[in-house]
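Asker: Listed in order, the protein sequences are those of chains S and H.
For the first sequence, this note's numbering gives the first residue as 52, with consecutive numbering after it.
For the second sequence, this note's numbering gives the first residue as 2, with consecutive numbering after it.
Hint data in this document are derived by calculation from the structure and do not stem from the laboratory.
A quick note: this is a predicted structure, and the numbers were derived from the prediction, not measured.
A virtual CB, placed ideally from N, CA and C, is assigned to each residue, including glycine.
Please note that a few of the clues may not be correct.
Stated by the list, open to error - Listed next, with one range per pair, are the computed distances between beta-carbon atoms: (1) S/378 <-> H/19: 48 to 56 Å; (2) H/43 <-> S/357: 50 to 58 Å; (3) S/155 <-> H/10: 41 to 49 Å; (4) H/59 <-> S/335: 46 to 54 Å; (5) S/332 <-> H/14: 24 to 32 Å; (6) H/22 <-> S/357: 21 to 29 Å; (7) H/59 <-> S/338: 24 to 32 Å; (8) S/248 <-> H/22: 54 to 62 Å; (9) H/23 <-> S/378: 54 to 62 Å.
What the hints assert, rightly or not - PhoX-like mimics (lysine-lysine), calculated; alpha carbons at most 25 Å apart, straight line: (10) S/255 <-> S/360; (11) H/52 <-> S/340; (12) H/52 <-> S/223; (13) S/368 <-> S/255; (14) H/52 <-> S/339; (15) S/223 <-> H/57; (16) H/14 <-> S/363; (17) S/344 <-> H/57; (18) S/380 <-> S/368.
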Amino acid sequence: MLSRLSAGALKRAASVGPTRASTLISSSRSGSVRFASTNSSAAFENLANSRATLAGLSLFTAGSIAWYTHLYGTFPFVGEVHAGHLSDEGLHPASYPWPHSGILDTFDHASIRRGYQVYREVCAACHSLDRIAWRNLVGVSHTADEARVMAEEVEYTDGPNAEGEMFQRPGKLADYMPPPYPNEEAARAGNAGALPPDLSLIVKARHGAADYVFSLLTGYMDPPAGVEIREGMNYNPYFPGGAISMARVLFDGLVEYEDGTPATTSQMAKDVVTFLSWAAEPEHDERKKYGIKAVILFSSLTLISLYIKRFKWTSIKNRKIFYNPPVDKTH
Amino acid sequence: MSLSTAVYQTFFKRNSIFVSTVFAGAFAFGVGFDLGVTAFYDRWNAGKQWKDIRHKYVQE
């Protein structure tokens, strides 16, 4: 750091204090005789050895460090030691080729339908889906009749009626998906203190999105040597910290698909993640269609306006200016 | 009568006709553009959308 200081800085630092008079003298002397290097080097040595220089430099150094520390939060040139390990961040999921990954691709709706079946038969035992109503399934994965029948199988509390009492009634299309637990405390009590998150927006709410949820569902394994997992917890390298309360739930043949698709673990995980991607982004298909339209329209409008600009400016751009010097009429 | 003259006489000469042409043209383009993009979108995503699998589940 010192090497970056110019000699002028030293002089300036030293000029504050009792040596000011001598500096003035030496500078005036060297001013009268140009290139008198002997005199100035003697003055420089005098300066460099002075107490004021030492004090000034120390102040300057301490001030720089304090300023740097205030600005960046760490000391300069001192490495930081992190107590964490990369596994605490969770393994990054691979990027999977989802049927809806491309900018022109819709969801695979047969997969959404299978995914709903997996959610209903497996995930719904612990996870709620608050933001999805039965009517949202209509025209996406189920017909209106199917959705109505499924809704009617669930009892909802409604009311109050004319006597001011709540009553039970079968569900209708406008009702939202029934939660597995009445409240958060019940959910925690039923899962050893861990709260199963609501799955409505889980794909948007996690880094890695669909890839992460898929990797998590299929990534359960025995803990590697040296990793201690507490009783009741499970090891999953994709989960930040590695220890997750949810046990592996998807096993081959757990559900029976009505369309005959083999229900392997990865197939079920793919379907349920497609379903959850739809739940997080129900506007997805329409959005991409509008994207196509917008890109076509705006790019043609841009081209048209560029053409019109050139058209209007062409007379200005191609104009030639001639200079005819005035004829001298004096003789 | 050349083509440009014919176009001018038919669409541009009277402002009422000109404005009506613009409005009708915008409507026709809107419908046609939407149909075209939807046709492409449905072909690109053939077999994936609900309308492609609906016939398996609907009971009349």
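Asker: Decide, hint by hint, whether the structure agrees.
Answerer: Hints, verified against the model:
1. Between residue 378 of chain S and residue 19 of chain H, the C-beta spacing of about 53 Å keeps the proposed range 48 to 56 Å intact.
2. Here the CB-CB span from residue 43 of chain H to residue 357 of chain S is close to 32 Å, at odds with the stated 50 to 58 Å.
3. With their beta carbons about 44 Å apart, residue 155 of chain S and residue 10 of chain H fall inside the hinted range of 41 to 49 Å.
4. Our hint of 46 to 54 Å for residue 59 of chain H and residue 335 of chain S is violated, since their Cβ atoms are close to 23 Å apart.
5. Between residue 332 of chain S and residue 14 of chain H the beta carbon distance is about 51 Å. The supplied range of 24 to 32 Å is therefore violated.
6. Separated by about 25 Å at the C-beta atoms, residue 22 of chain H and residue 357 of chain S satisfy the suggested range of 21 to 29 Å.
7. At about 26 Å, the beta-carbon gap between residue 59 of chain H and residue 338 of chain S stays in the expected band of 24 to 32 Å.
8. Checked against the given bound of 54 to 62 Å, the beta carbons of residue 248 of chain S and residue 22 of chain H, roughly 57 Å apart, stay inside it.
9. Between residue 23 of chain H and residue 378 of chain S the C-beta distance comes to about 56 Å, which sits within the given range of 54 to 62 Å.
10. The suggested pairing of residue 255 of chain S with residue 360 of chain S is violated, with an alpha-carbon distance near 43 Å, which exceeds 25 Å.
11. Proximity of residue 52 of chain H to residue 340 of chain S is assessed by CA-CA distance (about 15 Å); at most 25 Å being required, the pair is judged to hold.
12. Of the supplied pair hints, the one linking residue 52 of chain H and residue 223 of chain S holds, its CA atoms being roughly 24 Å apart against a limit of 25 Å.
13. Proximity of residue 368 of chain S to residue 255 of chain S is assessed by CA-CA distance (about 52 Å); at most 25 Å being required, the pair is judged violated.
14. A hinted pair counts as satisfied when its Cα atoms are at most 25 Å apart, and residue 52 of chain H with residue 339 of chain S qualifies at roughly 17 Å.
15. Note on residue 223 of chain S and residue 57 of chain H: the hinted pairing holds, with a Cα-Cα distance of about 23 Å set against a maximum of 25 Å.
16. As the CA atoms of residue 14 of chain H and residue 363 of chain S are separated by approximately 23 Å, the hinted pair is consistent with the 25 Å bound.
17. Our distance criterion of 25 Å between C-alpha atoms is broken by residue 344 of chain S and residue 57 of chain H, whose separation comes to about 31 Å.
18. Taking the CA atoms of residue 380 of chain S and residue 368 of chain S, the gap is near 35 Å; set against the 25 Å cutoff, the hint is violated.
Checked against the numbered hints listed earlier, the structure breaks hints 2, 4, 5, 10, 13, 17 and 18; every other hint is satisfied.
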